[in-house]
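Chains as they are written, first to last, in my numbering: chain A, 1 to 115; chain B, 116 to 229.
Incorrect hints may appear among the rest.
Unchecked claim - Anything over 12 Å on all C-beta distances counts as not near chain B; from chain A, calculated: (1) Gln2; (2) Leu11; (3) Ser12; (4) Val13; (5) Glu15; (6) Ser28; (7) Ala41; (8) Lys54; (9) Glu58; (10) Thr63; (11) Lys68; (12) His72; (13) Gln81; (14) Pro82; (15) Pro115.
Claimed, not checked - Under the rule of at most 27 Å between Cα atoms (straight-line distance), these lysine-lysine pairs were calculated in the DSS-like manner: (16) A:Lys56 - A:Lys68; (17) B:Lys186 - B:Lys118; (18) A:Lys54 - A:Lys71; (19) A:Lys56 - B:Lys211; (20) A:Lys56 - A:Lys71; (21) A:Lys5 - A:Lys68; (22) B:Lys186 - A:Lys5; (23) B:Lys211 - A:Lys54; (24) B:Lys168 - B:Lys186.
Keep in mind the hints are simulated off the structure, nothing from the lab. In this text, a Cβ means the ideal position worked out from N, Cα and C, and glycines have one as well.
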Amino acid sequence: DQQVKQNSPSLSVQEGRISILNCDYTNSMFDYFLWYKKYPAEGPTFLISISSIKDKNEDGRFTVFLNKSAKHLSLHIVPSQPGDSAVYFCAASAEGAGNNRKLIWGLGTSLAVNP
Amino acid sequence: DVKVTQSSRYLVKRTGEKVFLECVQDMDHENMFWYRQDPGLGLRLIYFSYDVKMKEKGDIPEGYSVSREKKERFSLILESASTNQTSMYLCASSLKTGGWETQYFGPGTRLLVL
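Kindly produce the complete structure, drawing on both the sequences and the hints.
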């Protein structure tokens, strides 16, 4: 059972427009959320994160919004650029018992930004 | 910058061979992880380690083992490679506290088992 869901496998937007990538989660114990970006044949790279005590975090063109009541977060990219074309993974974590500090990952959304 | 390196970018092995995938990180991170990535299945955790000589099973440990003899090095071992272990293998590391959630990944090893 997927605890972190990215319901859109792919998304296509025009250069300069906004890209909105969505992520839903089921575990109310999650208290930290991250977005990673992955190019083909490379490892994922950390993009932006948000703690559950916040509802918004911004870093340049990237903003993550968290709606705890809806168990939903979204990544906004404005303006979108062709170099943003990649697979985006949403991940979540909860303070686990002992040393069980692992991330729970979504399946990813493939973003294509068209020139 | 954190650097996580993996011993090979591409590897071709035969069914039944013992395969070693090596991962080294240079940022003194306590936690290290091995994932595999397959189309439509996202990232799946195989094993992780939060300290030298410590290991924990992830979600899909069957057919794999790991070794962490030194803090900077985490090895994934396929005892007897099978074709269903053809995949992209990703290693990651993170701090134990204070930002432990952020994992830093290596470039990946694409393994083909024939």
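We went through each hint and held it up to the structure:
Distance check on A:Gln2: its Cβ comes as close as 9 Å (rounded) to a Cβ of chain B, failing to clear the 12 Å threshold; non-interface status is violated. Under the 12 Å C-beta cut-off, the non-interface status given to A:Leu11 relative to chain B holds; the minimum distance is some 16 Å. No Cβ of chain B comes within 12 Å of the Cβ of A:Ser12; the nearest lies about 19 Å off, and the non-interface call holds. The non-interface label for A:Val13 is consistent with chain B: the shortest C-beta to C-beta separation is roughly 22 Å, beyond 12 Å.
Consistency note on A:Glu15: stated as away from chain B, and its beta-carbon is indeed over 12 Å from all of that chain's, at 26 Å minimum. For A:Ser28, the requirement that its beta carbon stay farther than 12 Å from each beta carbon of chain B is met, with the minimum near 17 Å. Some Cβ of chain B comes within 12 Å of the Cβ of A:Ala41; the nearest lies about 7 Å off, and the non-interface call is violated. The claim that A:Lys54 is not at the interface with chain B holds, since no C-beta of that chain comes within 12 Å of its own (minimum 14 Å).
Look at A:Glu58: its CB is around 17 Å from the nearest CB on chain B, clear of 12 Å, so calling it non-interface holds up. Residue-level check passed: A:Thr63 sits 18 Å from the nearest beta carbon of chain B, beyond 12 Å. Under the 12 Å C-beta cut-off, the non-interface status given to A:Lys68 relative to chain B holds; the minimum distance is some 17 Å. The Cβ of A:His72 sits about 18 Å from the closest Cβ of chain B, beyond the 12 Å cut-off, so the non-interface label holds.
Chain B leaves A:Gln81 outside its interface by the beta-carbon criterion, the shortest separation being 22 Å against a cut-off of 12 Å. Interface exclusion of A:Pro82 from chain B stands, the closest Cβ pair being 22 Å apart, more than 12 Å. Distance check for A:Pro115 against chain B: the nearest CB is about 26 Å away, which clears 12 Å, and the non-interface claim stands. This hinted pair checks out: A:Lys56 and A:Lys68 have alpha carbons roughly 11 Å apart, not beyond 27 Å.
Between B:Lys186 and B:Lys118 the CA atoms are separated by roughly 14 Å; this keeps the pair inside 27 Å, and the hint holds. Taken as a hint, the A:Lys54 and A:Lys71 pair is honoured in the structure, with Cα atoms around 13 Å apart against an allowance of 27 Å. In summary, the hint linking A:Lys56 to B:Lys211 is supported, as the alpha carbons are separated by about 25 Å, within the 27 Å threshold. For the hint linking A:Lys56 to A:Lys71, the alpha-carbon distance of about 14 Å falls within 27 Å, and the restraint holds.
Of the pairs offered as hints, the one joining A:Lys5 and A:Lys68 holds, with about 15 Å between alpha carbons and a cut-off of 27 Å not exceeded. For the proposed pair B:Lys186 and A:Lys5, the alpha carbon gap of about 33 Å is over 27 Å, so the pair is violated. For the hint pairing B:Lys211 with A:Lys54, the CA-to-CA distance comes to about 23 Å; that is within 27 Å, so the pair holds. Between B:Lys168 and B:Lys186 the CA atoms are separated by roughly 9 Å; this keeps the pair inside 27 Å, and the hint holds.
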